[in-house]
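Chains as they are written, first to last, in my numbering: chain A, 1 to 74; chain B, 75 to 444; chain C, 445 to 784.
There could be a bad hint or two in this list.
[What the hints assert, rightly or not] Below, a list of computed lysine-lysine pairs in the DSSO-like style, where the Cα atoms sit at most 30 Å apart:
| hint | chain 1 | residue 1 | chain 2 | residue 2 |
| --- | --- | --- | --- | --- |
| 1 | B | Lys-96 | B | Lys-324 |
| 2 | B | Lys-324 | A | Lys-64 |
| 3 | C | Lys-481 | C | Lys-557 |
| 4 | B | Lys-96 | A | Lys-71 |
| 5 | B | Lys-402 | B | Lys-108 |
| 6 | B | Lys-402 | A | Lys-62 |
Hints listed in this document are in silico derivations from the structure and should not be mistaken for laboratory results.
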Amino acid sequence: MCLGIPMVVSSIEKNYTAIAETMGVKRTISMRLLPEAQPGDHVLVHAGFAMEIIEPAEAGEKIKLLKSMLKEST
Amino acid sequence: MTEDYNFPPERFDSIAQPLLDKIHKLGMHLFEKKGRKLKVMEVCGTHTVAYARSGITELVSEYFDLRSGPGCPICVTHQADIDRIISLARKEDSLIVTFGDMLRVPGSNSTLEKELARGRRIEICYSPLDAVDVAARNPSAKVILIGIGFETTAPAIAAAIESAESAQLTNFWVYPVLKLVPPALRALLDLDKNLSMDGFLLPGHVATILGSKAFEFIPGYGLPAVVTGFEHLDLLTGLHDLMLLIAENKAAVGNAYSHVAKPEGNITAQRLMEHCYTVEATTLWRGLGEISASGYSLQSRYDSFNARLNFKTEAHDGTINPLCICGKVITGRATPRQCQLFGRDCTPSTPVGPCMVSPEGACGAHYHYM
Amino acid sequence: MSEKNQLQDIIISSHGDGGLLTHRLLQEIFYPSFNNKWLQQEGDAAVLNLNGLRLAMTTDSFVISPLFFKGGDIGKLAVCGTVNDLVVSGAKPLWLSAAFILPTGMEQIDLKKIVKSMEETANGLKVPIVTGDTKVVDSGDRDNLFINTTGIGLVQPGICFHPRNIEPNDVVIVSGSVGDHGAAILAQRLQFDGNSSPASDCAPLVELSEKMKPFYDDIKVMRDPTRGGLATTLIELAVAGRIDLVLEEEAIPVKTEVSAVADILGVDPYYLASEGRAVLIARAAAGNRILKTLRSVAGAESSSIIGVVGEGEGAVYLRTRLGGTRRLKMLSGTPLPRIC
Numbered sequence: 001m002c003l004g005i006p007m008v009v010s011s012i013e014k015n016y017t018a019i020a021e022t023m024g025v026k027r028t029i030s031m032r033l034l035p036e037a038q039p040g041d042h043v044l045v046h047a048g049f050a051m052e053i054i055e056p057a058e059a060g061e062k063i064k065l066l067k068s069m070l071k072e073s074t
Numbered sequence: 075m076t077e078d079y080n081f082p083p084e085r086f087d088s089i090a091q092p093l094l095d096k097i098h099k100l101g102m103h104l105f106e107k108k109g110r111k112l113k114v115m116e117v118c119g120t121h122t123v124a125y126a127r128s129g130i131t132e133l134v135s136e137y138f139d140l141r142s143g144p145g146c147p148i149c150v151t152h153q154a155d156i157d158r159i160i161s162l163a164r165k166e167d168s169l170i171v172t173f174g175d176m177l178r179v180p181g182s183n184s185t186l187e188k189e190l191a192r193g194r195r196i197e198i199c200y201s202p203l204d205a206v207d208v209a210a211r212n213p214s215a216k217v218i219l220i221g222i223g224f225e226t227t228a229p230a231i232a233a234a235i236e237s238a239e240s241a242q243l244t245n246f247w248v249y250p251v252l253k254l255v256p257p258a259l260r261a262l263l264d265l266d267k268n269l270s271m272d273g274f275l276l277p278g279h280v281a282t283i284l285g286s287k288a289f290e291f292i293p294g295y296g297l298p299a300v301v302t303g304f305e306h307l308d309l310l311t312g313l314h315d316l317m318l319l320i321a322e323n324k325a326a327v328g329n330a331y332s333h334v335a336k337p338e339g340n341i342t343a344q345r346l347m348e349h350c351y352t353v354e355a356t357t358l359w360r361g362l363g364e365i366s367a368s369g370y371s372l373q374s375r376y377d378s379f380n381a382r383l384n385f386k387t388e389a390h391d392g393t394i395n396p397l398c399i400c401g402k403v404i405t406g407r408a409t410p411r412q413c414q415l416f417g418r419d420c421t422p423s424t425p426v427g428p429c430m431v432s433p434e435g436a437c438g439a440h441y442h443y444m
Numbered sequence: 445m446s447e448k449n450q451l452q453d454i455i456i457s458s459h460g461d462g463g464l465l466t467h468r469l470l471q472e473i474f475y476p477s478f479n480n481k482w483l484q485q486e487g488d489a490a491v492l493n494l495n496g497l498r499l500a501m502t503t504d505s506f507v508i509s510p511l512f513f514k515g516g517d518i519g520k521l522a523v524c525g526t527v528n529d530l531v532v533s534g535a536k537p538l539w540l541s542a543a544f545i546l547p548t549g550m551e552q553i554d555l556k557k558i559v560k561s562m563e564e565t566a567n568g569l570k571v572p573i574v575t576g577d578t579k580v581v582d583s584g585d586r587d588n589l590f591i592n593t594t595g596i597g598l599v600q601p602g603i604c605f606h607p608r609n610i611e612p613n614d615v616v617i618v619s620g621s622v623g624d625h626g627a628a629i630l631a632q633r634l635q636f637d638g639n640s641s642p643a644s645d646c647a648p649l650v651e652l653s654e655k656m657k658p659f660y661d662d663i664k665v666m667r668d669p670t671r672g673g674l675a676t677t678l679i680e681l682a683v684a685g686r687i688d689l690v691l692e693e694e695a696i697p698v699k700t701e702v703s704a705v706a707d708i709l710g711v712d713p714y715y716l717a718s719e720g721r722a723v724l725i726a727r728a729a730a731g732n733r734i735l736k737t738l739r740s741v742a743g744a745e746s747s748s749i750i751g752v753v754g755e756g757e758g759a760v761y762l763r764t765r766l767g768g769t770r771r772l773k774m775l776s777g778t779p780l781p782r783i784c
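Construct the complete structure from the given sequences, taking the supplied hints into account.
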């Protein structure tokens, strides 16, 4: 029920819309559910709506944690 | 496929293989300890597809029995609703806008695709807002958006109604068939204490909207569950975190998708849903029956946008093939291949039951990917 | 199963999927009436013997909407599509016919552009359009232009491309990225930004096939993966050849912009059409030399060996990026954007 893609906000347009981009491809999306997002933010997009900001620090931390956990166990 | 969060490939690959190795080691250990495979429910149909497409289902099949859950909105939409949607399509001047998922779902005697072939106006959209555009561009058409989905999609549909309202459109309606996941899970667990599952993989995007807290009731049934995302790395970490909880016999809710799904969820989306929707007393789930407080209908302030109130529609008594075990499949009590009809009478192009109608339904996914 | 029959009693858009339903339609309605040795070849073109010469003949109709897309238009597609079907059958394309069904309301200036595009493409290939037809139909949709092209070519002596020739250990080669055309059309229909969206790969395969001449003995069969995409073409070959195929996901070239559109819309790029690519199954020993030559052809620089043939009965497997395996099954219905 949940097809969602990470995209990067390129620019904020009027009326709660924005241009977002993934792998170079751009599409207009709605920011109605995430009005606080800014250009440069990574966002999760479902059915043309930005749903949540993907915290890069959090994602980066996860990667770091994972790597150290994996190193430990070998 | 999407580069996970735009990370460069080498970072991903340096994690995936060691993680898979760890999962394998732990999986074999648990398999020996328990004397059987781990039985885990993929609540969300999108997870069934994601695990199968990525090859993970096959990779872990020695020690994992991955079962499907009720999280396929197409599969659980009642046949009567499909009939009503089709009768909307047959009305003079109507223009149905729908997500692609709905096009081939059979009602009692037709599909939207067949109606399209008969000359009815039916368009596919990617976003519910596309339907509002269609209404604005076709003032003489009665545009009806099929509002299907769970809590992931409900806010987007609410936003579309809001947008139609502010554009003062008088030719736009929504036919709501929205359902709620936590109440359905709760009902399933109440019925059958643990569904013989060892744990749950929870839908990451429903949790993104509702918050991971929406699933805090699960440990009360003595089971672990992990909120899981959909990119390769997310799929692996979700599975791994759940295995750790199972190994520790810990009934808790973990969140392997915390970089997207926060504990409190998306408050803006929740407020919009509260403003737009009301929870029905009971809702009929195809394959599961009546579940209380598990569906949305529109608040009375949006009566003029509610297709259920503004159009007369017909539903027919569909006969259910007694050999169809979809109800068991979407509660994890049977696998698609255990159904006598699977792959014979029941195939994606000739579906008998709801699980086969959608490629992300349990049977559709098994047929297509495995 | 009367419900089953009821559902299929009229033609629906999925009958045009190039997959299951198309095949079923052919089996149930067309082959029973048009049963002969040429149709039974089930190739992209019919090979006809005439006084010691082998002629190839193929026909194709083009009904695409939108008429103009990034990377081409229906006219260019109509010429390339038929030429390519001749080329992958081992034939040198000689002549084309072109029949047009024009919808009332169509802008003549658009028709002129399309015809010009056909002129340029056909002249560039030195394949003249020697006969044709035009009809006009009352249509509510001014984009409802249909073009049929039929092509005749001369099969090169010594060539015998057929799935029956495929043997275990043969390699599967693709001449470039897959799904480009299908993704371009979907992106345009679903309002993706035109500047960044994928372009169709619509192109003729004549030069490619000429460069393959030294390898005609090593090549077992060639196809162009159009409607239904790479997966459908390979499944058809596996079934006809009574072998299995095992493909490596990492080796299948997919452009990032095609992946992006496919991911956003939830469609599988392996089922999206290509209109300028060839798929070859060839003897393993010649694989690397074929690859090197292909990569020297303009447009085929990202040619890749994507898999290998094994014993079997028509199954196609994909070894995923993570090392797991999944089946590629025949699709029923064209890939549709989904939210689930």
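To see whether the hints hold, each was checked on the structure:
For the hint pairing Lys-96 of chain B with Lys-324 of chain B, the CA-to-CA distance comes to about 19 Å; that is within 30 Å, so the pair holds. Straight-line distance between C-alpha atoms of Lys-324 of chain B and Lys-64 of chain A comes to about 25 Å, which keeps the hinted pair within the 30 Å bound. For the hint linking Lys-481 of chain C to Lys-557 of chain C, the alpha-carbon distance of about 40 Å lies beyond 30 Å, and the restraint is violated. Taking the CA atoms of Lys-96 of chain B and Lys-71 of chain A, the gap is near 11 Å; set against the 30 Å cutoff, the hint holds.
The straight-line distance between the Cα atoms of Lys-402 of chain B and Lys-108 of chain B is roughly 24 Å, inside the 30 Å bound, and the hint therefore holds. Between Lys-402 of chain B and Lys-62 of chain A the alpha-carbon distance is near 37 Å, which puts this suggested pair outside the 30 Å criterion.
Going through the hint list in order, the structure does not satisfy hints 3 and 6.
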